[in-house]
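Asks: The lines below spell out each chain.
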Amino acid sequence: MRLSRDAHRLILLALPVSVFALAFFLVPLARLAIVAGQGPKGIAAYASIVTEPRHFESMLVTLGLALAVTLTALGLATVAGLFLSRHQFPGRQLAIAVLTLPLAFPGVVVGFLVIMLGGRQGLIGAITQALGGGKVVFAYSLAGLFVGYLYFSIPRVILTVMASAEKLDPALEEAARSLGASPLRVLKDVTLPGLAPGLTAAGAICFATAMGAFGTAFSLAANIDVLPMTIYTEFTLNANIAAAASLSLVLGAVTWSALFLARSLAGAPAAAAV
Amino acid sequence: MRADATTIELNRCGKTFADGTRALEPLDLTVAAGETVVLLGPSGCGKTTLLRLIAGLEAPDAGGRVRFNGEDVTGLPIERRAVGMVFQSYALFPNMSVRENIAYGLRVRKLDKGEIAARTREMLEMMQIGQLAERRVHQLSGGQRQRVALARAIAVRPRVLLLDEPLAALDAVLRDRLRVEIDALLRRLAITAVYVTHDQAEAMMLGDRIVVMSAGQVEQAGTPREIYRNPATPFVADFVGTVSRIATAAGVVLLRPEDIRLCEVAAGRAAATVETLHFLGGRCQVGLIGGDGARLIADAPPDTPLKPGARVGIAWDDAAPLRLPLMEAAQ
Ligand SMILES: Nc1ncnc2c1ncn2[C@@H]1O[C@H](COP(=O)(O)OP(=O)(O)O)[C@@H](O)[C@H]1O
Ligand SMILES: [Mg+2]
Chain A
15 MRLSRDAHRL ILLALPVSVF ALAFFLVPLA RLAIVAGQGP KGIAAYASIV
65 TEPRHFESML VTLGLALAVT LTALGLATVA GLFLSRHQFP GRQLAIAVLT
115 LPLAFPGVVV GFLVIMLGGR QGLIGAITQA LGGGKVVFAY SLAGLFVGYL
165 YFSIPRVILT VMASAEKLDP ALEEAARSLG ASPLRVLKDV TLPGLAPGLT
215 AAGAICFATA MGAFGTAFSL AANIDVLPMT IYTEFTLNAN IAAAASLSLV
265 LGAVTWSALF LARSLAGAPA AAAV
Chain B
469 MRADATTIEL NRCGKTFADG TRALEPLDLT VAAGETVVLL GPSGCGKTTL
519 LRLIAGLEAP DAGGRVRFNG EDVTGLPIER RAVGMVFQSY ALFPNMSVRE
569 NIAYGLRVRK LDKGEIAART REMLEMMQIG QLAERRVHQL SGGQRQRVAL
619 ARAIAVRPRV LLLDEPLAAL DAVLRDRLRV EIDALLRRLA ITAVYVTHDQ
669 AEAMMLGDRI VVMSAGQVEQ AGTPREIYRN PATPFVADFV GTVSRIATAA
719 GVVLLRPEDI RLCEVAAGRA AATVETLHFL GGRCQVGLIG GDGARLIADA
769 PPDTPLKPGA RVGIAWDDAA PLRLPLMEAA Q
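Protein sequences appear in the order of chains A and B. Residue numbers are given in the numbering used here: position 113 of the first sequence equals residue 127, and the series is strictly consecutive. Residue numbers are given in the numbering used here: position 311 of the second sequence equals residue 779, and the series is strictly consecutive.
So that you can see chain A by itself, here it is in the shape it has in the complex (with noise of 0.2 Å):
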């Protein structure tokens, strides 16, 4: 009695987001499907990705990118949130506050700080130049996109390594210096795999977003194609619209896969620790 009561609240509970997951994911998601394999050359178009030269150079380049992007802002990310839970001085807050002042901007307002720093009028260029180094431009290069990127996911890290540091028994450490071990190994033995479960659900997220954005690209305008541009060509300017399907589809499973490896190596849902 008691039992199937619940089971009817827990029905209604879940009904909202059933509709929600079928009205605006599955059904779409479904219909992606079906136009993916409706253009001229039909199913085949699944396979673009891997024959047709430009899609395949822009997965990769995509995945390399995200990847990059992923590994660094784990390093600086654990540094930098490591050191700003471990200490206290004036203007942490403030420390705090700047660094994940980029959560606050969306993609595109991201790639038009890149050009001012690293654009044809941007501010490295201009000292470079000024120090007679000739003008150094890279905004609009792999290495303008790398920036950006890694701009935008910083925040996010750091935001999860401090929160995964403050649960750390401050004594664990103690215990394994008063063994006899060094700091790096310290470091190396009980701060990072205290961390571990959280910095994999942070470098799945990161790189997801690195996989998928699309708004700092757009704006930086590279001569990279991203996947994700690479789709928005393929849609608007080709109307192979087969072509764009099927590479959304690709682009969607690399993601998800990788939230998901996250997931169960982490133990928890990946996104719950961000």
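By construction, these hints were calculated from the structure, which means they are not laboratory data. Values in this document were obtained by computation on a predicted structure and should not be read as measured data. For glycine and all other residues, C-beta sits at the position ideal for the given N, C-alpha and C. Treat the hints with care, since some could be wrong.
Here are the simulated distance ranges between beta carbons [stated by the list, open to error]:
no. : chain 1 : residue 1 : chain 2 : residue 2 : range
1   : A       : N237      : B       : A527      : 21 to 31 Å
2   : B       : R656      : A       : K202      : 52 to 62 Å
3   : A       : P207      : B       : R645      : 28 to 38 Å
4   : A       : Q102      : B       : N537      : 30 to 40 Å
5   : A       : I255      : B       : P562      : 46 to 56 Å
Chain A is already provided as a structure; the job is to place chain B with the ligands on it using the hints.
Replies: Same frame as chain A, now just chain B with the ligands:
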């Protein structure tokens, strides 16, 4: 385990934290080689801070010196002081098995594999946790965790062993059992040990000497007997055991419960009314109200015929009252 036990010497060691908290007034303390000293005092009195100064986890304020066997270790970080530490939270590494936890300090010291395995096995046997060797930390009970923490700390054969309320998180029965085991262990190892607790029974049982602390200061240091029979301050008299204050014509007399004899009113040196009676097995604890309204606690035989409300006389031997230096004159 070590014939060459280490002497610990603290010289003018005070501690003021960055936020201005004065956790320790500058103090001197010597722990003899092989001795177990218990730091006893209420929560917040600075016991942990003092222990962390000895460990090298905190640096003393300017002018303070920490010496091991005469060697100045004030500037040495904990990883180079060769101290064994046992934390109240156990602080076992959750990403390692019991065996790996115990072997950790040996691995850090780069001993060869055979030696590490042998010494880890020895520790597992000594602490009777051999059957737990491959377990993960989260699969252990509180008592088992405490055994692993002890084994891990002594596996590296530290110069001194520092324990911060190691039994505080355990239930009463387990605490009593582990207390006996730790006592036997410390005697067997003959290692210099500093043991922090707020539990006076634990302090009496384990300490060769007890250092009673209050508000960042040492109130008194001495053997359990000295502390109990000859407390130096009212704080020590009250914190270590129970005292009753009885007003007489000659002044206030301080008595331990076992020194108060309940008798006929006419035969007593003072009189009181029985308020409560608690049967404790081997004896009865009697709560009384004295003529001046002060509350008294006395021991009576378990089969005492006294009832609440009874008027009784209070007697004591001339040698029984506690004599506190300075204090009685002030009262
Ligand atoms: N890191 C710290 N910063 C500021 N104050 C501290 C710090 N650690 C301890 N204290 C303060 O110092 C005093 C003594 O603390 P502690 O040594 O932990 O006492 P106990 O172990 O006897 O309970 C307390 O008032 C405590 O709040
Ligand atoms: Mg403490």
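Asks: Holds or violated: 21 to 31 Å for the Cβ distance of A/N237 and B/A527?
Replies: Violated - the Cβ-Cβ distance for A/N237 and B/A527, about 57 Å, lies outside 21 to 31 Å.
Asks: Kindly confirm whether 30 to 40 Å is satisfied by the beta carbon distance between A/Q102 and B/N537.
Replies: Since the Cβ atoms of A/Q102 and B/N537 sit about 36 Å apart, the hinted range of 30 to 40 Å holds.
Asks: Taking the CB of A/P207 and the CB of B/R645, does the distance hold inside 28 to 38 Å?
Replies: Holds - the Cβ-Cβ distance for A/P207 and B/R645, about 33 Å, lies within 28 to 38 Å.
Asks: Do the beta carbons of A/I255 and B/P562 sit within 46 to 56 Å of each other?
Replies: At 52 Å between Cβs, range holds.
Asks: 52 to 62 Å was suggested as the range; check whether the CB atoms of B/R656 and A/K202 agree with it.
Replies: This hint is violated: roughly 35 Å between Cβ atoms.
The structure fails to meet hints 1 and 2 from the earlier list, while all remaining hints are met.
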